[in-house]
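All chains should be built: construct the whole structure from the sequences, respecting the hints.
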Amino acid sequence: MTEYWLPLAGGGLIGLAATMLMLFNGRLAGISGITEGAMQLSNDDSRWQLAFIAGLVLAGLGLFPVMPEAFVVGVNRDIWVICLAGLVVGFGTRMGSGCTSGHGVCGLSRFSKRSLVATLTFMAVAILTVAVTHHALGGAQ
Amino acid sequence: MKTFFKPGVLTALLCGGLFGLGLTLSGMTQPSKVIGFLDLFGNWDPSLAFVMGGAVIAHALTRPLVLRRNRPIAAPAFKLPAATQIDARLLGGASLFGLGWGLVGICPGPGIVGIGSGATYFLLFFPSMLLGMLLYRMTGKAKPSGEGAGA
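So the protein sequences, as listed, match chains A and B. For the first sequence, this note's numbering assigns the number 1 to the initial residue and increments by one for each residue that follows. For the second sequence, this note's numbering assigns the number 1001 to the initial residue and increments by one for each residue that follows.
Okay, the calculated beta carbon distance ranges per label pair:
{"no.": "1", "chain 1": "A", "residue 1": "132", "chain 2": "B", "residue 2": "1073", "range": "44 to 52 Å"}
{"no.": "2", "chain 1": "A", "residue 1": "111", "chain 2": "B", "residue 2": "1087", "range": "15 to 23 Å"}
{"no.": "3", "chain 1": "A", "residue 1": "43", "chain 2": "B", "residue 2": "1139", "range": "17 to 25 Å"}
{"no.": "4", "chain 1": "A", "residue 1": "40", "chain 2": "B", "residue 2": "1073", "range": "20 to 28 Å"}
{"no.": "5", "chain 1": "A", "residue 1": "62", "chain 2": "B", "residue 2": "1076", "range": "25 to 33 Å"}
{"no.": "6", "chain 1": "A", "residue 1": "135", "chain 2": "B", "residue 2": "1084", "range": "31 to 39 Å"}
{"no.": "7", "chain 1": "B", "residue 1": "1007", "chain 2": "A", "residue 2": "41", "range": "17 to 25 Å"}
{"no.": "8", "chain 1": "B", "residue 1": "1087", "chain 2": "A", "residue 2": "68", "range": "38 to 46 Å"}
{"no.": "9", "chain 1": "A", "residue 1": "41", "chain 2": "B", "residue 2": "1077", "range": "18 to 26 Å"}
{"no.": "10", "chain 1": "B", "residue 1": "1080", "chain 2": "A", "residue 2": "120", "range": "20 to 28 Å"}
Cross-link-like lysine-lysine pairs, in silico, DSS-like; alpha carbons within 30 Å at most:
{"no.": "11", "chain 1": "B", "residue 1": "1079", "chain 2": "B", "residue 2": "1006"}
{"no.": "12", "chain 1": "B", "residue 1": "1141", "chain 2": "B", "residue 2": "1079"}
{"no.": "13", "chain 1": "B", "residue 1": "1141", "chain 2": "A", "residue 2": "113"}
{"no.": "14", "chain 1": "B", "residue 1": "1079", "chain 2": "A", "residue 2": "113"}
Worth flagging that the hints you see were computed from the coordinates, not collected in a lab. Glycine residues also receive a C-beta, built at the ideal position from the N, C-alpha and C atoms.
Given below as structure tokens:
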């Protein structure tokens, strides 16, 4: 059952972290918005936003030596595919004002119809993308 | 530098660390696992549905307790998104995000946490994502910072 309770517990921590950010900083834990804000150094918010991003990176740095299996990539993608994917994730999350955290976790938790539509849309397109690349095109991995 | 270390900065660092721990424990930093979850028409691995489930339950139950307060602890006021419109920008942006997510199995949070592993996969994804964000900003259609950020 580890297979299910670890994702559930990890998800619970994500939800609590989002609540803590609201309790302390009064802000919604949307990673794409925080990341973009952190890049605008002239903005007063960029300090807490940079600190939040630093916390994410430090979590990875600290946990990788302890549980390297949690960071196994496990798929092969051409360099250009990874870069193209990064570009459209960055562009798309700002165009749509949110990603899995902002629209998914936080939006669904507050019963936002807008976030529900966004979440269903990116889930559907991601499922379709995997179906096409893995099955219709004979497997990308 | 003195003002850099105001309380809100330290609490944000802590929240980011806890968020990153949650992402790592949940399996979201393993692209093959994420793609297995998205592979609905293949060898579907449903376990990551529990991540979203756990996160939404935990946040939905605790969020109202926080919003009973007049203000947050380390900031002057709550600043939450107010947008409600469902338009072409929302649908187009979410579709582009879904395309990238499906191609490589990384969304923004795990994309940042994964940098700590030093894997080339993450080291290529992260700067590309930042570039994509900057490109959107250059279209001049970005909302003023803060408004609707993240949702």
